[in-house]
Each structure stands twice: as structure tokens, then as C-alpha cells.
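**Student:** Given the coordinates of chain H, assemble chains B, F, Y, S and X with the ligands onto it according to the supplied hints.
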Amino acid sequence: MKMVIAYVRHEAFEPIRTELLTLGFPSLSISEVKGSGRQKGITERYRGAELTNYLRPKVKIECVVASKDLMTIVDTILKHGRTGAVGDGKVFVMPVEEAYRIRTGESGEETLQAHPDAASAAAG
Amino acid sequence: MKMVIAYVRHEAFEPIRTELLTLGFPSLSISEVKGSGRQKGITERYRGAELTNYLRPKVKIECVVASKDLMTIVDTILKHGRTGAVGDGKVFVMPVEEAYRIRTGESGEETLQAHPDAASAAAG
Amino acid sequence: MKMVIAYVRHEAFEPIRTELLTLGFPSLSISEVKGSGRQKGITERYRGAELTNYLRPKVKIECVVASKDLMTIVDTILKHGRTGAVGDGKVFVMPVEEAYRIRTGESGEETLQAHPDAASAAAG
Amino acid sequence: MRPTTVVGGALTAILALLALPAAALAQDAPMLESVVSELNVTWVLVATVLVFFMQAGFAFLEIGFSRGKNAGMGIAKILVNFSIASIVWWAVGFGIAFGGDGVIAGSSGWLFQFGRDVAGEGASGETASFFIFQFMFAAVSLAIVWGTTLERMKFAAYIPFAIVFSAVIYPLIAHWGFGGGLFAEFGDGVQDFAGSTVVHLTGATGALAAVLLLGPRKGKFGSDGKPRAIPGHNMPLFGLGVLILWLGWFGFNGGSTLGTAGNSFAEVIAVTNLGAAGGVIGAMIMGAMKQKTLDIGMVGNGAIAGLVAITAPSGYVEFWAAPIIGLVAGLLVVVCVLAFEKKLDDPVGALSAHGVAGIWGTLSCGLFASPRLVESVGVGKAGLVYGGGLGQLAAQAAAVVVAFTVVFTLSYTTLWIIKATIGLRVSDEEEDAGLDISEHGMYGYPEQFIPSAELVGYGGGPTATIPPAPVTAMSSQEMSV
Amino acid sequence: MRPTTVVGGALTAILALLALPAAALAQDAPMLESVVSELNVTWVLVATVLVFFMQAGFAFLEIGFSRGKNAGMGIAKILVNFSIASIVWWAVGFGIAFGGDGVIAGSSGWLFQFGRDVAGEGASGETASFFIFQFMFAAVSLAIVWGTTLERMKFAAYIPFAIVFSAVIYPLIAHWGFGGGLFAEFGDGVQDFAGSTVVHLTGATGALAAVLLLGPRKGKFGSDGKPRAIPGHNMPLFGLGVLILWLGWFGFNGGSTLGTAGNSFAEVIAVTNLGAAGGVIGAMIMGAMKQKTLDIGMVGNGAIAGLVAITAPSGYVEFWAAPIIGLVAGLLVVVCVLAFEKKLDDPVGALSAHGVAGIWGTLSCGLFASPRLVESVGVGKAGLVYGGGLGQLAAQAAAVVVAFTVVFTLSYTTLWIIKATIGLRVSDEEEDAGLDISEHGMYGYPEQFIPSAELVGYGGGPTATIPPAPVTAMSSQEMSV
Amino acid sequence: MRPTTVVGGALTAILALLALPAAALAQDAPMLESVVSELNVTWVLVATVLVFFMQAGFAFLEIGFSRGKNAGMGIAKILVNFSIASIVWWAVGFGIAFGGDGVIAGSSGWLFQFGRDVAGEGASGETASFFIFQFMFAAVSLAIVWGTTLERMKFAAYIPFAIVFSAVIYPLIAHWGFGGGLFAEFGDGVQDFAGSTVVHLTGATGALAAVLLLGPRKGKFGSDGKPRAIPGHNMPLFGLGVLILWLGWFGFNGGSTLGTAGNSFAEVIAVTNLGAAGGVIGAMIMGAMKQKTLDIGMVGNGAIAGLVAITAPSGYVEFWAAPIIGLVAGLLVVVCVLAFEKKLDDPVGALSAHGVAGIWGTLSCGLFASPRLVESVGVGKAGLVYGGGLGQLAAQAAAVVVAFTVVFTLSYTTLWIIKATIGLRVSDEEEDAGLDISEHGMYGYPEQFIPSAELVGYGGGPTATIPPAPVTAMSSQEMSV
Ligand SMILES: Nc1ncnc2c1ncn2[C@@H]1O[C@H](COP(=O)(O)OP(=O)(O)O)[C@@H](O)[C@H]1O
Ligand SMILES: Nc1ncnc2c1ncn2[C@@H]1O[C@H](COP(=O)(O)OP(=O)(O)O)[C@@H](O)[C@H]1O
Ligand SMILES: Nc1ncnc2c1ncn2[C@@H]1O[C@H](COP(=O)(O)OP(=O)(O)O)[C@@H](O)[C@H]1O
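Residue numbers (our numbering), protein chains in the order written: chain H, 1 to 124; chain B, 1 to 124; chain F, 1 to 124; chain Y, 1 to 481; chain S, 1 to 481; chain X, 1 to 481.
Just so you know, these hints were derived from the structure itself, not from any lab.
Ideal Cβ positions, reconstructed from N, Cα and C, are used throughout, including at glycine.
Errors might be hidden in some of the hints.
For each label pair, taking beta carbons as the anchor points, the in silico distance ranges come out as [claimed, not checked]:
no.	chain 1	residue 1	chain 2	residue 2	range
1	F	Ser-67	X	Ser-427	40 to 48 Å
2	Y	Met-289	X	Trp-110	27 to 35 Å
3	Y	Asp-428	S	Ile-159	50 to 58 Å
4	S	Ile-159	Y	Trp-320	27 to 35 Å
List time: in silico DSS-like cross-link candidates among lysine-lysine, alpha-carbon distance up to 25 Å [what the hints assert, rightly or not]:
no.	chain 1	residue 1	chain 2	residue 2
5	B	Lys-79	Y	Lys-218
6	S	Lys-218	H	Lys-79
7	Y	Lys-292	Y	Lys-343
Bound conformation, chain H alone (with noise of 0.2 Å):
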């Protein structure tokens, strides 16, 4: 199993979210955060004094899958995260060890994602 962490802008989750619920990767979760990188900042002037704002919002996506998987979930955030400018992100994949379904108590990689049937379900 392998965590996939990516680091996106937040104008490229809802295409990515959707496209994994198309091929069955409901689960995953996000949230935000900072980033430093190539980017530049932001200078905001209050009064008369500076303040540079050097991180930018980036949206975090974090989704545990089978490794079998792995490459569908990369391959589909780097088709829709790209738009070739500085500050598109970073992809990383991390090795997971075991995962529980709190749930059910269950354990392993049919954990990880929804029923077979979720694609088919979502569309509907």
C-alpha cells in the first residue's frame, strides 16, 4: 500500500477528485496548507510598513491505495495538475504499512477504496 501525497493548486482538485471517483478512487482527503517553492510571494502594505508573504495556498491530497494502483492515482494528478507555470506542486509517494477500516475493525488494502461498484453508483 502507498501513500500518495501531492501538494496542487486549488484549481486542479475538482477536476482530479472527479476523474479518481470515475475510476473508482473515492477516498481520500485533503486539506490546506503553505508552500514554498519557485513561486513568488505577495507584499501587502499596511500603513507604511511591509509584510511579505512568501507561501502561497496550496491544496494537500492525501490517498492511501493498493500499489497496484499507485500509478493510476499519479498519472490522473499530473494530467490535471499540470499547467506548465511555476508553482504546479509535487507529487511523493510513501510506503504504508497497514490500514484499518474504523468501521468495520477490518485491515488491509480492500480498505482502502469504496465498493467495486462505486464508479458505476457515483454516475448514477
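**Tutor:** Then chains B, F, Y, S and X with the ligands, alone, in the frame of chain H:
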């Protein structure tokens, strides 16, 4: 050392924290995430247009523990996180290679949680 | 490749960021977390009832670097993060299996941080 | 008069227009009586406008004391209830309250129309001003009721209660206290200058009925039965509410002179301010003693309690009594909030600030009413400290008991019927999600509840709309890399 | 008079000072005429102050309906535009609107000075009150224009339009409707008591020109052409705006009597409140029918629509007609917001609430104007329901058409020139980043946009300023460890 | 009079009641003098209410300019300080300021009671109106002092200073400027119509003493000694404050006529608005020149500076001078804020907007006072531009110097003693944590400071209260899975 990452309901956090404290594991970090899984979204209607919110708020718990303590943490989360309804969340276990306590610069497993009499101190 | 995850005080972040930038490591992400450890909580009193807040705000830093650069990052965080008082936080090191730059689709260690002349550019 | 038809030369034309009213009066032999009447009406309407603004005060006091997920409803609630009450008061309530005659209720003035039930043309504008001024009091009383119902009551349940309350419940008490009804029979008449009992106790009694039928918010009481803090989300907006209420109260008490005769409204306003100040100081002292901190909400409740308490005596007491009346109200409100908190879930402290302080204010007339002012107003007797005896105190207490009993019975019955039919309370799930999304289908603060990635998504996908170098520097700045 | 020069003994000195005006008048033989004039001016100035406050109402209505990244601009916009309009109205606008004479425009009163173009001393204060009261109307009309331009218009583009609008566009219509110009020629004169057409339709027409030239906000319409929700960030602040507007409207309509003669302002105020209440109820009903929920913003729009609609008839209709006029406005506003939403991006609903409701209100005079009030005001004929025939309705419709055509042409041309020169719209990147940071170099809510780690960093590094045990308990509490 | 005792038939009864005041007067031979007096008092009380609302203006200006962790304190501070000042002014301050006689101070009127120290009954309401109107000025002056003390001053330290300031410091200056004291001796008297010096400079001088003793907020100055931005958390609430202050100022300046005689208050109000507008435009221009952006806070400061500057001359200058006076104030305020910022930590710009603009406004009388108005008010001589010579300018400057020196000395001493005893400043840890939690034991915005998981925890554990399918769809919607 392992990092336990759990996505749980907000209501589950306080009982988990309290029991972990009693068991001698006071140290953890949480953050707000929005998750997608089997749970339904919520539709906001605004001046004739709609906006569906597919992601639901969850609390993400991060807790690094010595490998031998892993199952204590996982079991506590599973126990208090379960309502049996869709949306209870997941627990993932990830490997950690090293840990440092910033205050002292020490490293290793002994930095992970508070001193052994933590639980009794807290109770007092 | 390693991901350095550090939970630090808010005040520590700016010096860490600045020094990492100077050392040629501009790329990182941060988020707000609330942490529990040895630090005391704060009690809010409201209309005769009380509400104790056991978690205190921390900044979580995530920085993925090549394995050879790991200790530079860790040492910088340890150096600026330390006040010597309870609540300084922790640094954890986690393995990373792969990294992709979304803008270009490239993968590998060279995607992790900005180009080598980053530091001098920033200084200019 | 809108000067649409007159065309003159240069600005002198305008002046001629402006001189018209005076000129017209001059032709008709301007009577001093009409000026006196117009001046009275001017003051009453200024006061009306100030009392109207108290609706915003109540709304923000409630919003500040609610959690963010229930903040938007405060707006919908105040707008809808005030509007329903406006129409109902016009159709029915005004007639019951002030439609003349009868110990129990008025019997005319339905669907109040200008110049219909009234004798002369000249008086009609005065009646209109009285109609709208008194309506604002009804609306205040109604707004007080909602204070205990925050964060769990169904929107649909508000509407029938608002109708009954502004058609019958409040008008009855207003008739008794202000309209020459029942309370005029108690001794030499009950002293309730601007309505500590008529308006505030009435509202708070409705609020008590509501809280008993509604029960506490989820999580208010722990499994040990002890109350838990459910902090309101916004103290600045709470404070805005308190300050607007204080402002409006100058119209509430000051306008209750119904005119400018003898400049007595100046005294009323000064006394009102001293009472409010006493309330704040009282709450500060008791808060510091009981809680060891200066609770922001308690200080605000102290202001309200001081204002409620000074409402009945504001036309009857000398300056020196006002800070005392306010101070006692401020001390009381903290003690009562802490006491009621143990069993009843009253998020804004309406029971204490309007109920207990309303009772105290009504009774305080029996203690402090000054002979000079009692004579001037012509109601009741001087208070105990002036050797006026216990009679007035008894009359005041009787009014409190009667008003409480009647309002409680009627309100409880009305709410019980609503509960039995459409229901009073939202479901547990709706309460958890918040009333904004569950009752109004939208959040009060969407950006705090909808993930920004989903909001931005609505701005269109990145490939379509994002230009090559999307986030550029906004002004001259350094690069971070 | 500021009593700086008088020194007396004890408080009696003060009393003497206070008695001075009366005393002075006594010496000069106090004339009833001057009291009548002063009373009129008192009311007009109270109304002026209330109408001024509507600026805050518009600001918060807009701020509440904007996203948080554009919230600060609402403040800068209202302050700057109101100020520019203040100066321009003084220099030019007042002269065009009320500088006497002419079917099309006034021709005097530039750089309006006290006592210059006017005959007698006594009248001058009256003119000053008229000048400032009428200015507040111009400022309201201007504020309405901005309603459709939120979240994408360049700050620099506002300024030239504000100048042209307050120098020429509004003054022309005001001259026609209020200043004895064109509309007095239509039949027996157009009935527009406080300006449903003159102020509100004029503003909404400018807003239409603006939205056509500006286009929608990024992401307002999906790739399928369907409108998407862009929720405003703060329903409580939106509600504050609505409540302040409602308050101000008592001055807006009530003050349009220009005095207290015959207490007719009392009627106007009562009628205004009933109209607003009808608007809320209408919007609630239609909202529930069309959207299945009680949309908070729609209920607020209903209040505004009811107020706009009752503005023209407020001096012409009996009480019974007011709730009807308001109700229809409330029903209309929801239907129109939902309809316009399909093609035009009007974030606050200005086109519906001020435009459509303004037209409906103007026309409603032709239906409901009562003979009694028509006679009293002296403009036009009674409405259809009183058997007044279609003539008045035609005059009203003519005014609507003329005002719309002229304002649209002038506004569109002005904005087109601005677009061609300095540009109307910020860049896509600036729109994404928000106008606060891109146009003002700062956030409206810095703590929500700047990472707290960066804000705190400005407090100095940890080694320098943090003491050994930095975060201690604030009060007695348990340890978590 | 509250009509509790009269019972009539139908609505005619009400009319009779309403006619009572007029009838009563008719019986007593209604005197024109009493109507004149009542009209004056009506206006003064309207103005009183408007000036009261400025407390909300100051509170929100300060709250908007504070960080979120200190936002709640603004409410507690304004309520408590205003209340303490209310009582102290009643007990002591009013006597010193207006208790007649003496170049230095009044000597009567302690614990001010109705009809005690005063000659006739008729005048008493007037005195009460004067008492409460003048109190609101004292409260404004006090509120200005706090502007420099944000985010670091102990709550307990406010209270003794509020007592001394409203008992002695402000009353002295008010006695000199408004009460016939010292400043009447300077030349032909100092022209300070509504208090640019008496109220605003006095407040700002206290604020200067406070900032010198308090020092800057943590992190305000970098290790390089340069000022750093500490952005206030809420520009919309800041703007609300500015708009409320502007509103209140119509009462502040307009009410300083102390009546309606000659309609001069109409001119004062028009002039006030033009001055404020000039201030906004001045700050916009200078802001654009100095900072290259349109700083929202600066524009708001410009409005305040324009208003402060026009305060002294508002009764003395013609319309044309007002925009100039305002414009200069607006230019000055930006320059001064940027200059003071280098050394003093004044988060709201009180020193510039009230201090510098107050001085400029006071001096501007010596430049622009018009002969017509100087004659009408009866204080001082015409200004330089009317050939009035330098004498008046000298008198104005003398008042500025004297007021500044005395207020600074008294304030500094008082605050020094407070610092030496209970201390002025919270600890570093408390400042870091924010005053809301450290001084009031609660957050102003709890949901932004308490993790939602801990807030929800107070709603009860999941096993106990969460039903099997806890979060259901609120309305028809698609599943995400
Ligand atoms: N090594 C890294 N560790 C953690 N986060 C990173 C790292 N590199 C990039 N990021 C995240 O990705 C975002 C975009 O990176 P940036 O370097 O600006 O883009 P690009 O890939 O176009 O060079 C950053 O704002 C940050 O949030
Ligand atoms: N594979 C995953 N990767 C990341 N987060 C996940 C994953 N699966 C579930 N989650 C998180 O857990 C939450 C609950 O999951 P859900 O599938 O709704 O519950 P259930 O376990 O009852 O099927 C989600 O909202 C999401 O935050
Ligand atoms: N084992 C852990 N797992 C996750 N987060 C931790 C862990 N230990 C500490 N933290 C984080 O570090 C912060 C500081 O830790 P604390 O124990 O108070 O400091 P110290 O290192 O001085 O003992 C905590 O608030 C929490 O956010």
C-alpha cells in the same frame, strides 16, 4: 517507530485523546481535513444556483509511537472511532526512521511520548 | 529521499525558512496543527461553565529532500526550533519512495528542491 | 411636500418651495397647537426609528452568542418575524392593545386605516405615529422571546408563534399596562413607564415557556448533568448588538413620554444612561467575584439588565436612583445567569436580563418613585424611600404576577400546540450540521464551511481558465526563490 | 450657540445660556414662522442623517455578498465614492438638479454657498438642509450602481463614473422628478414621492450598463453556460446591511415630506414599514415555492424590494395598499433574481431589487394613489382602484421609460469611454487573488489569508523574544500531561 | 406621558391621549417660549443619541485594527469605560466643567440632580439635556485616549485612568473651552465650535502619554529598529466604525449649536460632510503618492481626520472652506501616520487623526472664520483670509499649547502612577496569547482559536449521542460514492 495516521469524526477525538492520555500516550497532533469516501455530500443552494460539497470534515490524528506500542494506539482509535455508520474513517500505519525532540536535541524512541508517569500526572 | 516532518512553534518557522532558503532548500509546505504533549492547556470560562483546551497550536513543516541532505534540514530545524521550554516540538523522518514535479512530469531527487542557484537568487 | 410641480428661477425657487409649509400655515393662520402636535410627533417618530434599530441589536446579540453554523439564521429570523408582526399588529394587535375601552382588551382599530375610526383630520398623523411607535414595542417583546431558542428551533415553528404573540399575547399586556386596561385598576395604577413588565417580562416569559418545551442544545449538559460551555462565535458582533440596543433604548424610554411636553424626555434619557451604566458596573463587580475574570458577555448582559430595569422607573425616578437600580440589576443578572445555567439552556441570558431585571425594575418603582414625577405623570404613588408606603409596591408586584401568569399560560399553550403539530425542534442531525445549512440550505459563512478547493472548483478547471503564469506578484516584491 | 464667552454663577449660568436662543427670539419677537421653519429643518436633518447611514447599509450588503478576498474594498469604495460625490454635488450637481428653471436642467447654484443666490437670511438654513438632504439621495443612487460590479471592477474606474453620475446623470433625473423639470409636464405630474424611479431605477439602470460592459465574474457561468453559486462570505454582515437600509429608509421616505406639516410624515413612515414587511413575506413565499428553502439573501432582497417599491407611493397610498405593494415586490424580486441570474452576474440582486421593484413601485401609484393624499400632495391623479383612470398610470410609465432610456444611454456611454481608456476590469490574476490584495495591497481579513506562521514571524524570532517558559497557563487549569 | 390611566372609547380615546400635551398647554396658555425650548431640547437629544453611537464607532475602528486574539476586549473596554465615565461625570465631572464661575473650574453641580441647583422648573429639562449631551463629548474624548493602547494594556489599568480623566482632565479643558473658563480670556475668545481641541486634541494627548509609557507591541519594531506591519484583522469592521463615527459626527458638530435657532445647524451639518469628504480625498491622494496603493485604513483615517479638523470651524466657516480644511487634514494624516509609525506604536492612528488634525482644525478657524458666522456665534474675530489679522490665529494657537501641556502633564502623571502601582502592561506571555483569553478568560472568536475537535467534544462522545447514520443529506443531492 511508526506514525499512526487516522481520519476520524470530530466527536471521536476527545474520547480517543482522553484514553490515550490515560494509557501514557499524551503526545499527538491533529489537523482539520476534508475527506471523501462513501459518505454523502451536502448541497448548498444560493440564489438559484447550487453548489455541492462532496467533502466532509474529519479530524486527522498523527501519533508517532514505538513499534511495540503500535497496536495500543490503533485499538484505542478503532474502539472510540466506531459508530458503525458510513464515514467513520480509516487508520493507516507508516514507517518512521528517526525522531528528534527539539527541546533537547535527543533522538530515538524515548522522545516519542511523555515520561512514564505522564498518565498519573495528568490524572492528578 | 526522505520527508522531514516537524512540529514547531510558530515563532520558529520564519528563521527556519530563511536559513533553509539560504542553504538552497526553498521548497517546503506548512500547515496548522494542534498538538498535545507535555505542554499545559488553557481554560476558557464562559458564562459560568469551563472549557479546557488541551491542544496548543503548532506549525507542521513538511520538507522532502534527498537522503544526503537530510541532516542539513534536521539540524536547521533543531537549531532554530529550540527555546528549551516544554512545547518545542518534534522532528520525524519518513521514507519517500518517489517524487514527481507536476509542472514537468519529471521524477527523482532533482525535482525536490529549486535549482542550485536558488539561494543566491533569493538573496538578490 | 415633494416640490415636483413648482418651477421657479434660480435657487430662490427652492427657497419658495421650502417656505411653502410655513406659508401654507400662515395662510391658514398657523396655530401653535399644530406646531406642538408636530413637535410631539417628530420626537415620537425619532424614537420609533431608534426602537426599530433594536431589532438589529437583538439580531446581533443572538448571532454573536450563537455558533458560526447557526449565524445566518439570525438574519432570516429577525426579518421574517418582524415582518409578520408588522402585518399582524396592523391587522389585529393594535386594535386589541389600544382600540379603546374594556378592562381586558380593546375592541376596534382592526386593519388600522388612516382617518377611519378617528374624529378629526388634524389628529390623524398623531395616531399614525402612535401606531407605529407602539408596534416597535411589540416587535421588541417578540424578539426577546427568541433569545432562549437559539440553535435548535425549527424555522417553521417561529411563524405561528409570532402571529399569536403579536396578535394577542403582547397586545393584551400592552392594553393592561399602556392602554388603560387592567393594571390601571391596581391601586392608583401600575407604574411601568416604558415597559419593564409590559415589554421585557412579557418577552422573557414567552422565552421561558419556549425553553421548557424545547429543552437544551445537544451537549449543553454533560453526562454528569453539569452545564458545559458552548461559546458563541463572535464577541465583537455580540457587542455591536449591545451597543445598538443601548442606542435604541434612548428612543424606547425617551419616546415613552409620547412627546416633548415639559422637556421631561431629557430627564428620561439621562436617567436611562445612568441605569445602563450601573448595570455594567454591577455585572463587572459580580462577574469578578463569581468568575474571577471579566466575562465579556456578562458585561454586555449587565448593560441590558440595567436598561431593562430602568425602563419602568425611567419616568418616575430622580437621577440618584438610576445608578442604584442599574447596579442591582447588574449584580442580579450575573447571579441569575449562573444559577439558571445549571438547569436551563438560555444561550443569551434572556431570562435573567429581561425577566429578572424586568421584575426588579417594575418593583423598583415602588421603592424609588419620586413624588414630583409621580405627580407629573399622574400614575400611582411615591415610593417607599419617600414614605409612600407599601401600596405601590403591592400594585407593582401584582402586575408582575398577573403578566407572568397570563403570558406564560398563553405562550406555553401556543408553543405546546406547535410542538404537537409541526414540531418545535430540528432533528439531531440538523442541529449537528447547523441551522444555516439545514434550515436555509446555505451557510452563514460559506468560506468557513466549504473547503476552498471546492469553492475554487466552481471558478472553472485549471486547464481552461488559468493563464500560463497564474499568480504573479501584485506589486513590487522580492522572490522567495 | 457655543457658550464660550459667558461666565455665570453655578448652574444657573448654564441655564441662562440654554435660555439664550429663546431669549434672543423673545427680544426679536419670536415668530411662529421661524419655529415652524426650524421644526421642518429639524426633521429634514434627522432624515438626512438616517439616509446617510444607508451608505453603511449598501456597503455591508455588498460586503456580505462578496467573497472574503474582496471584502475590504467595499469600505474603500463607499468612502471614496461618497466623498467624491459630496464635492461634485456641491460644485455642480445641486445646481443642475435644483438650480431652478428649465424643463431639462437647473442653471444656477454652482459651488453652492450660503446666502449667495438666495433672498433672505431666514431661509438660508432651510436651503442648506435641502442641499444636504438631497445630496444623500444622490449618494444612494450612486451606491446602487455599484451593486452589479462587485469583485471584478478596477478601483480607478469607479472614480470618473462617480464624478459624471453625481454631476450630471443623477441631477438630471432629480431635476425632472423632484426639481420641477420634465416629469411635471407628464399629465398632471408624475407621482414619485421619494424616488422609486428618480433614485432607485436610476441607480439600477446604471448598474445594468455596468454589468453589460463588465461581464460576469470568473467562474460564474460553467462551461455548460449554467450559472454557478458564488456564495457571499458573510450573511450576518449582509443582514446588518439590510437592517441599516431599512432604518435609513424611514428617513428616506419620511424625510421626503420635507417637513412636519400636517404630521403626514407619520403616515409615510408607517406605510414604509408595512411595505417592507410585505416585501419580506413575498420573498419568503416565492423563495419557498421556487427554491424549497428559505434563502437568507432572498429574504433580505425582499425587504429591499418592498422598500424600493413603497418609495414612490409612500406619500400617496393608504395603509391597506402598502402590504400589497410590498408583497408584489417581494414575489417579483425572487422571480427576477432567478431569471436574471441565468444571463447576468448581479451578485447583490440590484437589478431586481432596485430596478424591477422601482418600476413596480412607480407604476403602483397609478393603481393605488388615494384621492385624499393626491390632493394633499398636489401631484397627479388618484389611482385606478379609486376610479382615477389610466392617465396617471401612463404618466408613471412614461417617466419610467424616459428615466431608463436617458440614464442607460448616459451611463453606458460613460462606462464605455472608461473601458476604452483606463479599463473597467482587473486582470484575471488580480480577480483570482482578490481585489483587496491586488487593488489595495492588503487583505480585508489578513489573518485568513496570511499564514499565521508568517504573521507571527513578524513578532521576532524565538531565541530573541521568547522567555524560557513561553506559554503558561492563563488561569487555574489542569495539565494535559 | 404614559396613558395608563385613561380609558376612552375606541380609537378616539387614543387621540384624546395624544392631544393631551397640546391640551394641557392650551389650558396653561401654551407659550411659544416653551415650544422653542422643547424644539431645542429635541435637537440636542437627537444629537446626544448620535454622539452616543460614536462609542460603537470607536469600538469597531479599534477592533478592526486589532488582531483577532484581542478583538473581544474592545467590547468589554468600551462598555466598562463608558459606564464608569457616566457615573463619574454625573458625580464630579459635570460640576467641574459647567458648574459655573471661575477661570479654572466650576464649583457646583456635584451629583447632579434635577431642579436642585437650578432656578426655575421650566429650565430643568434643558439642563438635563445639556448634561447628557456634554457627557457624550467627555466619553468621546476618553475613547480617543485608548486608540494607542491596543493589544497590550491591562484591563485593570483602564479603570483608574477613566475615573481621573472623566472627573478632572476632560472637565477642566471643557470648562476652559465650552464652559466659559480660561479660553474665553484669550483675545476675543477661542473658536472651537464642537471641540477639535477640547475633545479631540485632549483625547489624543492622553493617547500620547499612554503610548510613551506603554511602549510598542511585541514585534512592532524589528531588530533593525524598523516598524513592521501588524495588520488589523478585519477591515469591514474597521469600516463600520468609520461610518458610524461619520454618522455620529452630524450630532457632534450639528448638536453643538445647542438648539435650532436660525437653522444654523443645517449649515453646520453640510459643512461637516464637506470636511469629511475632503479628508477622504486628501488621504487618498497622499496615500497613492506615498504608498502607491489605496490603503483602506488610510482612507478611513482620512475621513476621521477631515471630521476632526472641521469640528472646530464647523460653526465658523462658509461652505467653500470646508473641503479645503478637510483636504489638508487628509493629506496631513497620511504623512503623520507614516512619520509617527517610525517611532511610536499607534495602531489606529489616533495621534495623527485626532491630534494633528485637531490642531490643524483649531488653527484653521484663524484662517477661514467668516465674519458673518463669527458675528452670529459671537466668539473671536474673522480669519486671515477675510483680513482678520493674526490675533485670532494666536489665540487659537495658545489654546492648543495650553490644552496640550495641561492634558499631557495630568495624563502622564496619572498613567505613571498607575504604572508604578498596578502596572500598565500585560506580561509578554499574555500579550502573545492575546488579551481576550488572558484578560477575559475567553476568546473573542472561540471557533478560530479552539480546535473544533475540542469544541465538538463538548457536545458529548460519539457512542452516546451519535445516531447510526449521523450525517445525512440535508436536501436532495448526489452521492459522492
Ligand atoms: N520538497 C518539497 N517538500 C514539500 N513540499 C514541496 C516540496 N517541493 C514543492 N513543494 C510544494 O509544492 C508547491 C509548488 O512547488 P514549486 O516549487 O513552486 O513548483 P514547481 O514544481 O513548479 O517548481 C510548493 O508551494 C510546496 O507546497
Ligand atoms: N484511501 C484513503 N486515503 C485517504 N483518506 C481516506 C481514505 N479512505 C478514507 N479516507 C478518509 O476517511 C474518511 C471516511 O471514509 P469513508 O470511506 O467515508 O468511511 P468508511 O470507512 O465508513 O467507508 C474520508 O472522509 C477520508 O477523510
Ligand atoms: N509522538 C508525537 N506524535 C505526533 N506529534 C507529536 C508527538 N510528540 C510531540 N508532538 C507534537 O509536538 C508538540 C510539542 O511536543 P511537547 O511534548 O509538548 O514538547 P517537548 O518536546 O518539549 O516535550 C506537540 O504539541 C505535538 O504537536
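**Student:** Now tell me if each hint is right for this structure.
**Tutor:** We went through each hint and held it up to the structure:
Range check, F:Ser-67 to X:Ser-427: about 45 Å between beta-carbon atoms, so the 40 to 48 Å window is met. Against the hinted window of 27 to 35 Å, the Cβ-Cβ separation of Y:Met-289 and X:Trp-110 comes to about 29 Å, which satisfies the hint. A hinted range of 50 to 58 Å for the beta carbons of Y:Asp-428 and S:Ile-159 is consistent with their spacing of about 54 Å. Roughly 56 Å separates the CB atoms of S:Ile-159 and Y:Trp-320, a value that falls outside the hinted 27 to 35 Å.
With a C-alpha separation of about 23 Å, the suggested pairing of B:Lys-79 with Y:Lys-218 holds against the 25 Å cut-off. A threshold of 25 Å between alpha carbons decides the hint, and for S:Lys-218 with H:Lys-79 the separation of about 23 Å falls inside it, so the pair holds. Among the hinted pairs, Y:Lys-292 with Y:Lys-343 is consistent with the structure: their alpha-carbon atoms are about 22 Å apart, no more than 25 Å.
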